[in-house]
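Visitor: Make a model of the complete structure from these sequences and hints.
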Amino acid sequence: MDIELITNILYATIRTGTPLLLVALGEIICEKSGILNLGQEGMMLLGAVAGFIAMYHSDSFLIGFGAAALTGVLISLAFAFIALHLNASQVAAGLALTILATGLSAFIGADYEGKTVTALPALTIDGLAAIPVIGKALFAQDAIVYLSWVLVILAYLFFKHHRAGLAVRAVGENPSVASNLGLPVMSIRYLAVMFGGALAGIAGAYLSLAYTPLWTENMTAGRGWIALALVVFASWRVERVMLGAYLFGFASLMHLVAQGLGLSVDGNLLAMMPYLATLAVLIILSRDPQKLRLFEPMSLAKPWHKGH
Amino acid sequence: MIRLEARVQHSTVWGYSSPLLAVLLTLLTGYILFAALGQSPSEALYTFFIAPIADWYGISELLVKTIPILLCAYGLALCFRASVWNIGAEGQLLMGGVAASAVATLFVHSDSIWAMPLTLLAGIAGGIGWAALAAFMKLRLNTNEILVTIMMNYIALNILLWAVHGPLKDPDGFNFPESALFGDSTLLPVLFADTRLHLGLVFCAIAMALSWLFISKSFLGFQTQVLGQDRSAAKMAGFNQTKLVTLVLLVCGALAGLAGAGEVAGPIGQLVPQISPGYGYAAIIVAFLGRLHPVGITLAGLLMGLIYMGGEMAQIELGLPNAITGIFQGLMLFFLLSCDVLIRYRVRFKRFDKSNSADNTSSSLAPQAQE
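Line by line, the protein sequences give chains A and B.
Here the numbering used here is used: the first residue of the first sequence is 17, the next is one more, and so on.
Here the numbering used here is used: the first residue of the second sequence is 496, the next is one more, and so on.
Derived from the structure by calculation, the hints contain no laboratory data.
Some hints here could point you the wrong way.
Result set (EDC-like, lysine to aspartate or glutamate): computed pairs, CA atoms no more than 16 Å apart in a straight line [what the hints assert, rightly or not]: (1) A:K131 with A:E233; (2) A:K131 with A:D75; (3) A:K176 with A:E255; (4) B:K664 with A:D282; (5) A:K318 with B:E500; (6) A:K318 with A:E189; (7) A:K322 with B:E673.
Guide: See below:
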């Protein structure tokens, strides 16, 4: 493998990992508040199609990503309503969200199938981007990649040092105690779900506006589900989700790696790699149930209502 | 003010009524949706739900669509009864289709009486194998079955694509990604002349009867039920959890695999990339809508088959995207989960009362438990 190929693989690893990082980050905050939202895949798809349509007609990336985030928030409210207010099983509600949103995205996007837009341009920092091997990966990315880094840092600080972060964790560990302490459990959980929706929407739009600037049905190809596994992988820690997302980005680039090593493997078998990697990661991490439970928010996916 | 009040006992009436209400709300939403799309809503609903089954051929086609959904849903219902969140019927169906096709392509030019049974058995084995992997990962490796089965659905789809582009591709097929057409000896016999309604319907009826017997009459079914409702009670009673979970997963895998085999050796007649328009996922909705009961599932499955047909009809007649099927599916599950609140809560309409405002202001809609 030559230097240029390694440089490009690193660059592509970050780009491939970015949508995973964004969704997983949103889901971590959601799960920290005790809510398991399995609707990430559907919200990503809706974000991808909404962002694409908005961009297609406005030619503005700000409007594109804004529309995607807003769509994510709105559809996540539907989930929040049946999961939080009507106390439906969060697992079932999340699946319902994915099924509904997948159908909606295909329906809304039917007229845009296969159309393209200009891709989100890179914001290259000239001097630094010239650094061999890592320069391109770190300093020649687009705005959303940089945004994802800022969000990781903010989320880290939020949970480590901010009272509000503590409140989210308290609500996720024990909502009854948190409620008795005067924390608005419902509001915090709503906000956490909405935040997850916004990030899933942006992540979807990253696919349709930056990664492959076009819309096709089901273009997320399971990334929302992989992100859910990443949250387990990261044991609900922000800094580890970043590592996980990029590891997965790398695993999805096996065709580039294989090409660099001069191997020829069937494309469909290579396309399985991210899913196989997810399975492998789940298996490795789940060996020790005690350890897993140690990190998981205590009340995750458990219905709760005031006065119980 | 609308207030939810916890019921002392779950409402049986709403247990049965909430699926009906959900279907009604879905139809109502469909009515509004069609109006918003500039269609005449009543005509559109007619095109969607009545026109497809206006004649005997339409009804036979409805049954053809419903067969794979039902086979998957009976199996899924067993899993869900045991609180095993198997989302993998789709993958198990696809693997059944691939395994069945691998055997069927051996018999293309043979008129052996074993061709059809072996093809079906291969399909069942494919589904069981795929489900067994999920069972192993859940029980031995302690992984979350939701994520595992979903990942396995994607892997199965890639195996299917690999198979139709590679080992099972028809050498005389002008490079299309599809297998050779199956020989007549492999195809499932058609039950009624001039229709595509095949032997799978009989398998469906048997599966329904057996799953009803299992749930209602067998001790294993009772154990499954207990396991699903109270894991610690099942443990106390000494039920073998590993055995039960494995059993429900393998039964589901077998049925889904049979569904896959029935598709390739039935209406399709060869292996193609699109052997399932998401039957395995639709079956999840069907299982819930049918209240995990074989009879309820059968009714819900027919409705789901009709939604698939209506989607195709709406595409042809009204020029709407076929994806409208997915919207109806999603809406139905959404409404069902929402309506199910009525099983556990009583809705109280109350005039806003100042003396009550203190405990109502915090969250007027939030369920207030009073136990």
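Visitor: Next step is simple, just say for each hint if it's right about the structure.
Guide: Each hint tested on the structure:
1. With a C-alpha separation of about 11 Å, the suggested pair K131 (chain A) and E233 (chain A) falls inside the 16 Å cut-off, and the hint holds.
2. At most 16 Å may separate the alpha-carbon atoms for a hinted pair to count; K131 (chain A) and D75 (chain A) meet this at roughly 14 Å.
3. Under the criterion of a C-alpha separation no larger than 16 Å, the hint pairing K176 (chain A) with E255 (chain A) is consistent with the structure, at around 11 Å.
4. With a C-alpha separation of about 14 Å, the suggested pair K664 (chain B) and D282 (chain A) falls inside the 16 Å cut-off, and the hint holds.
5. Of the pairs offered as hints, the one joining K318 (chain A) and E500 (chain B) is violated, with about 19 Å between alpha carbons and a cut-off of 16 Å exceeded.
6. With a CA separation close to 10 Å, the supplied pair K318 (chain A) and E189 (chain A) stays within the 16 Å bound.
7. Among the hinted pairs, K322 (chain A) with E673 (chain B) is inconsistent with the structure: their alpha-carbon atoms are about 56 Å apart, more than 16 Å.
Comparing the model with each earlier hint shows violations of hints 5 and 7; every other hint is respected.
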